[in-house]
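Asks: For this one, chain S is given, so just place chain B on it according to the hints.
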Amino acid sequence: MMNGSNAVNDITANAVYLTFLTKTNVMTKRTGWLIPLLLLCTQLTAQVTQPVNGVTDNRSGCYAFTNATIVKNAQSTITNATLLIRNGKIIATGTGITIPPDAMIVDCSGKYIYPSLIDAYTDYGMSTPQRPATPFNFNAPAQLTSNVKGAYGWNQAIRTDVNAAAIFAADDGKAAPLRELGFGTVLTHQKDGIARGTGAVVTLANRKENLVILKEKASAHYSFNKGISTQSYPGSMMGSIALLRQTFIDARWYKNKPAGEGINLSLQYWNDNLSLPQIFEANDKWNDLRADRIGDEFGIQYIIKAGGNEYQRINEIAATKASFILPLSFPQAMDVEDPNDARFISLADMKHWEMAPGNPAALEKAGINFCLTTADLKDAKQFLPNLRKAIENGLTESRALDALTRFPATLLGIYTETGSIDAGKWANFLICSGPIFAEKTTLYQNWIQGEKYSIKDNNWTSGDGNYALTLNLPAGTQQYRATLKNNTMTVIGKDTLTAKLNIEGKQVKFSFPTEKGGKQSLRFSGMKTGNNWNGLGEDPTGKKFTWSATWSAAAETPKTDSAKNNTAKADSAKKKDMGIKASLTWPNNGYGWAEMPKPETLLIKNATVWTSEATGILTNTDILVRNGKIAQIGKNLTDPAARIIDGTGKHLTPGIIDEHSHIAASSINEGGQSVTSEVRIGDNLDPDDDNIYRQLSGGVTTSHILHGSANTIGGQTQLIKLRWGGNDNDLKFGGNDPFIKFALGENVKRTPSQANNRFPDTRMGVEQVLVDAFTRAKDYEAALKNPNAAAVRKDLELDALVEIMNSKRFITCHSYVQSEITAMIRVAERFGFTLNTFTHILEGYKVADKMKAHGANASTFSDWWAYKMEVQDAIPYNAAIMQKVGLNVAINSDDAEMARRLNQEAAKSVKYGGMSETDALKMVTINPATMMHIDNRVGSIKVGKDADLVLWSDNPLSIYAKAEQTIIDGIVYFTRERDKQLRQQLLAERTRLIRKMLGDKKDGKPVIPAAPSMKVMHTCEEHAHEHGLMVIDNDEQTGNR
Amino acid sequence: MKKYLAILIAGITALSATAQDDIYPAKPQAEAITLTNATIHIGNGTIIENGSISFNKGIITAVGTNPANGKVIDCKGKHIYPGLILSATNLGLQEIGGSVRGTNDFQELGELNPNVRSIVAYNTDSKIINTLRSNGILIANIVPGGNGGSIGGSSSTVQLDAWNWEDAAYRKDYGIHYYMPSLFNRPNPFAAFFGIPQPPDPLKQGLDQIEKVKSFFRDAKAYQKQNTPDSTNLKLAAVKGLFDKSQRLFIHCNIVKEMLVAIDFVTEFGFDVTIVGGSESWQIPELLKQNNISVILRQTHNLPTSPDDDVDQPYKTPAMLQKAGVLFAITDEDGQTRGRNLMFNAGTAAAYGLSREEALSAISLNAARILGIDSKTGSIETGKDANIIVSEGDILDMRSSIVTHAFIRGREIDLMDKHKQLNERYKKKYGISNP
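So the protein sequences, as listed, match chains S and B.
Mind the numbering: the first sequence is residues 1 to 1041 in the numbering used here, read in order.
Mind the numbering: the second sequence is residues 1 to 435 in the numbering used here, read in order.
The hints are simulated quantities; they were obtained by calculation from the structure and are not laboratory data.
If you're wondering where the values come from, they're calculated on a predicted model, not measured in any experiment.
Just so you know, nobody snuck in bad clues.
Some chain B residues near chain S, calculated using beta-carbon distances under 8 Å:
no., residue
1, Gly-97
2, His-301
3, Asn-302
4, Val-311
5, Leu-396
Note that the Cβ used here is the ideal one computed from N, Cα and C, for glycine as well.
Isolated chain S, as found in the complex (with noise of 0.2 Å):
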C-alpha cells in the first residue's frame, strides 16, 4: 500500500505509483481473477522466467473506481457504480460491491468508465517490409519465379509462413498514440502480399511482449495487393483473383501429400491457417464483392476490411452477409480556391467527400455487422473527430461502441477476455469526463490489463469551483473569496479583481492587484492538493508569505431559456445545414441515375429501320418493345399501354456491338506469364468506368471485354451489355458461350523491351507457347479420365485450355501478319478446334482463303496502320476483302473513344471498298453478334430478340448522325434531352460542393490541395491512344508498354 493512504483521491499520486509499478516490469497472473474477493492476497508477479535485478517488488493492483457511470458495454450501463480491479482484471463491477481493504479507491464521480477500445486492423508492432532500393524499372527483364529461398510456394506473394505473434516487436512509440484515442487492444498483422499469414491480439500495455499478446493466431489475412512482391505474377487484379483461387485448390490437393510437391510450406500454412477468422483486405466496395465471391466458392465467409465507399453499393454490401473492418479515413476537402483547378476534380470525388462520413450510418441502416478501424488514416489523431463526423452522418453511438469493442472482440474470439467491463475480463477501460465520443468530454486515463496510462490527467478535476483563499501576512491572516470558471480566476475582496492565471499540471500560479485598478499585485505560486491549493506569495514590498485556498463546489446556475434556445437553434442550424446532401446515384458520379430505369412497352413509329436482317431497310415502319424483346415489326402498330417515340426522319438501328473493347474493367493484362488463361476479366468488371456512359451515346449496347495482348495465351473475356448503373453482375451479357483472348506478335514478345527475358522472343516461340499448352491441356485432360483422377491437381490455367478443345470456349485472337495467322490455324487444326475470331487481322487479307478454310471470323480496324512494324503492310481495304472472300468480318473499337464512332468507322468500308451501307451497318451489329455466337439474342432487328436498339438522328453510317436514343433490353439507357438535363444538375451539383468547400476553407477547416481526378484507361498494350490529360494510361501503370 502507498503512503499508508487508502483514499487515493490524488491522481497525480497514482501516476507516480504506477510508472514505479511499470519499471518494475510487474505482470498480472491470469489465474488469479476468478476468486477474486478470496484472493485479496494475491500478488502481482513478475514474468515467471525473467530474472529480476534487485529486490522482488510485487504488488496486487487492486483499485476500486467508485461512484462512475460504467458503460459495461453499448447496451448496459450502470450509475453511481465501483469497478473492482486486482492482478490487471476486473474483479467485479456493479453497485454495492463491498471494497476490500487493500484497494485504493479511486474516486470517479462525474466520471464515465468505457471497456477500452479494440482496432482489429493495424499492424502495430510489425515492421514495414520494404521494396528493394533499386527502383522499379518498367522495361526491366520479367521475374518469372519466386525469389524467396526455402521450402515455400512458387508465388513469392503467397505469404502464409509469416507469424504476427513470432515477429511482433512492442513499441510504446506507436502504441501511445493509439492509447490516446482509447484503444486498448489490436490485432496486428504484416499488411504485405496476397496471402498474409496470421494475426495476433495484443494489448497496448507497455510491457514485455510475453505479457501483452492476448492471442498469437487470432486471425489470417489475405489481399488482393501482392505488396513488396517483386515476381512478374500477379500483375492486374484479375490475377490476383486467379491466385488465390488456385492456391485453395492447391492447398486442398496438397492435403494428400502428393508426390512431387514435396514440402510445401505455404500450402501446408494456408491449410493450417483456415480455422482462423479469415480477414480479407479489400478497400473499396467492388473488391469488397470480389473477395466475398472467392470466399463464397470455397467455402469461406470473409471478414471484410472496406475502403469507405461500401454507401454507394449497400444492398450488393449487405447481401455478402460479411462483417466489415470499417476503417474512417475520409476525405479531406480540397482546395477549389483556383477554379482552374477546380475543374480538376470530378463530381465523384467531390460527393464522395461529402458522403463518406455516412458511410458507416449505411452499413449500419442496412444490419451489416462492422468494426471500426483507424487503419487508413494519415494522421491518427483524426481518429475521433472523423468517428464523431460519422456519428453527425447517422451512426448511433451505441453502434460505434459496440464496433469498438463487443464486435471486433466477438470477431477475433477474445470477448470472454476483453471488449466490455465485466467480471473476469481484463481491466482494460477508459476513464473519462463524460459520454466518450462527445467532442467536449476528455479522456483522462487509459488503463491496460490493469495499468493505468494518463492521457489527460491535469483535468482529472477542472478546478472550476469557489474557494476560500487565506493569505497568512504577518499582519494576520487575510480572507479573500475566489471563483474559478474555464480557467478564469475572479477574486472577490473589498473589490472584484481579475486575477492572471496559469495552471500548468500541479503547479499553480496567480496574481492580482492590491486593489481595483491598481498597478501593484500579490503574486502567488503553489501546487494543487487534491482540489485545494497552498504555497507561497509575496506582496509588492517583497515580504513574503503562505498561503492556502479551500475548494468548495459552485452552485450550478440553471441555464436560462433564452440560452437554452439559442443553442437549439444552433443545433436545427447545423442540421438544415448537414441537411443538403449529395443524394446518391448509380454510379455515383455526374451521369449516373438517381432512380435505376426500368423496361417500358415502347413504339417507336415511322422510323427508317436498318434490320440488319434479309429484310434490309424498312422504311415508314414501327417497332413494338415489350418485355425487354422486340415484340412487333410492321407499319401502323398501336399498343395503349405503349409510350410512343416518334422516329420521322430518323433511323432506328439494332446496337452497336464491339468485339474487341477494354472498358469497364479494374484490370485488363496479366502479362506475368506466357500462359494466363486462369484470369478473368469478368472477376473484375467497374461499372462506374464513365466510358460505359460515353459509349451509350455513341450507340453502343454489347462490348465483349478482352484481356489485353501482353501475353500469347492472355485471360477469359466477359462480354456486356452496356447496363449503366447496375453492378458488375448487371454487366454481364448472360448466357453467352464464353470466350478467351489470344494474342500473337510483336505485344506477346514484349518488343518494346530492350530486355527480355519471357519466352517467347520471336514468333517461332509463339508457336511453341501455343502447342506446348495445349499438349499440357491433352495430357490433362487424359488424366482426368484415369482411374487415379482424383489426385490430380486441378489446374485453372488448363481447365480454360481443355474447354477450347471441347468447343466449350472459344478464342478471340490478336495477330496481324500472314505467318503468324497461318501458324495459329495450324494449332487449332492440330489440336481439334476451330479458331473461332482473329481480331485485329490487320493482315488478314492476304491470307482470308485459308481463314475461311479454317472457319474462322474476322473482326478488325477500319483504316489503323504503321503505328508499329507488323502494321506496316494494313490497309483500310482489309474488311471489304475479306467480306468478298466470305468472312463473316466486324470493325471492333480497342479504344474507348472510337468505340463510340463505331458506326462510322464501318462505314469506312463504304468509302474503302466499296461495300453496300447496309453490308457496312452489319460490320457492327449482326456480324459480331454471329461471331460471339449471340445473334439469337443481338444483333438485329427481329421480333422475339432483345429490344437493343439505336435512334439515330441521321443515316447510320453519316458523319452527322448521332444516336439520339440508346436503348437496351427495353430500357432507355441514353437520351439525349436526358444528357441534357444531367449536364445542367452536374453542374448545379458540383457548384454547391464547391462552394461547400470554400466554406470550409474560409472556416479554417484543413484543406489539401486540389488533386485532379485521376483516371487510369485500359488499351490493349498497343498503340498510342491519347485519352486526355486526366487519363493514366494503364501500360504507364504496369510498364508493359
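Replies: Just chain B, lined up with the frame of chain S:
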C-alpha cells in the same frame, strides 16, 4: 462509285508487285484545265453550285460559271474543294509509330532547338504521304517534336507531291515550336508504389522553365538589334522572324493556365502566336480572340478531359471557338491512322455545331492563314495556286468522301497509294472483280 473504280483500274494497269515505287510525282501543268459542272466549296464559306474552275501554269485563273478553257474535266454531281491542309503532323519524320527507333526523325535532344529544321529530314518517299493525298490532303505542316519545356525547332509546310524535300517545301521555317511544360498537377499514383520520385510542384517547376525560355527570347530580341553581332548565335538567329512576324510562334499546350502563359508571350514580345492542342481552349475563347491567338486543335476525335465534361465536348470545341471568332484549324495527329482522317475530324465538328463550310475552312483556308500560306493556297480563288481536289460527294462524310482528282499547283497527281496497290494485289489473288 463505278466511275471511281474505273479510274482506279486505269491507274493500276501498270501495277507492279513493288508497292509505291511506281507512283511518280506529276509533271508541271502543261495546259489549261477547267473543271466544270461541280459544286464548288471555295474554303471561305462560299459555295458555288454548278460552277467551274480554270487554272493554268499552276495558278487558278477563273472561278465561277466561266466558259471552259483548255482541257475540260466534267465533274457533274461532284464536289470540288481546296486541297486539304494537315496543319500539324510528323509526316515524313516518323514512318513507323512504335518500337522502331530507326524510323524516328521527329524529336531532337536538348531544350532550345529553334535552329533545328524539320524540312531537312522530311522524307518525300514516306509511304504514308500517298495515303493522305488519296483522301484529299495536299499540304502538310511538318512539325518537329519536343519534350515539355523545349523549343523543338522550326516547321515548314510542304506540298505532298515531290521528288525531294526541296521540291516539297511550300513555306520553309515559318513556325517555331515551343512545347510548354505541363502546368497540370498530374500525380502519378503509382509513383510511390514503384519507387519513382514524385516531381516537386510541377507548377513552379514549369513556370521556372517558362521564364528560362522567355529570357531566351529577350536575348534574341537584343541580338536582332545588333548590326554585327560579336559572334554568331545560331539559336538566337533562328527566331529572328518572330520579331518581324515573318515567323509565328506555335505553343503546344492544353490547359487554361498554360494558355494564359501563351497570352503573356503575345503581350511581352508581340509575337504572332498559335496554340497547338488547346483541348481546353473552349473555356477561354474570348481571351484568345482578344489577344489574336489562333488555335490548332490536334484531334476532334477524342474523349472529354474530365468525367464531368459533356460527353461530346471535344466534338463541340470547334463550334465554341467559331462562335467567339477565334481563328482555328483542325488537324489529325492520331497515331493509329496517321492523319488520314483529317476531314472526318472536321466532319464531326460539323455534326456538333459548325456549319459544313466552317468545318471545311478549319482544314483549308483557316489552316493556311495560321501557316502563313493563305496568299497562295487554302481556298479556290483566282490567283492562288491550283491546289484542288474533286470528290464524289461531301468530303466530310465517309459515305461520300472519295477523291477522284487532285491537283497540286495545277499538276494532276497520281492518287495511287500503297493501300490501293495491296488491295488490287489481293483482289487479284482471290479473283475479286471490280463491279
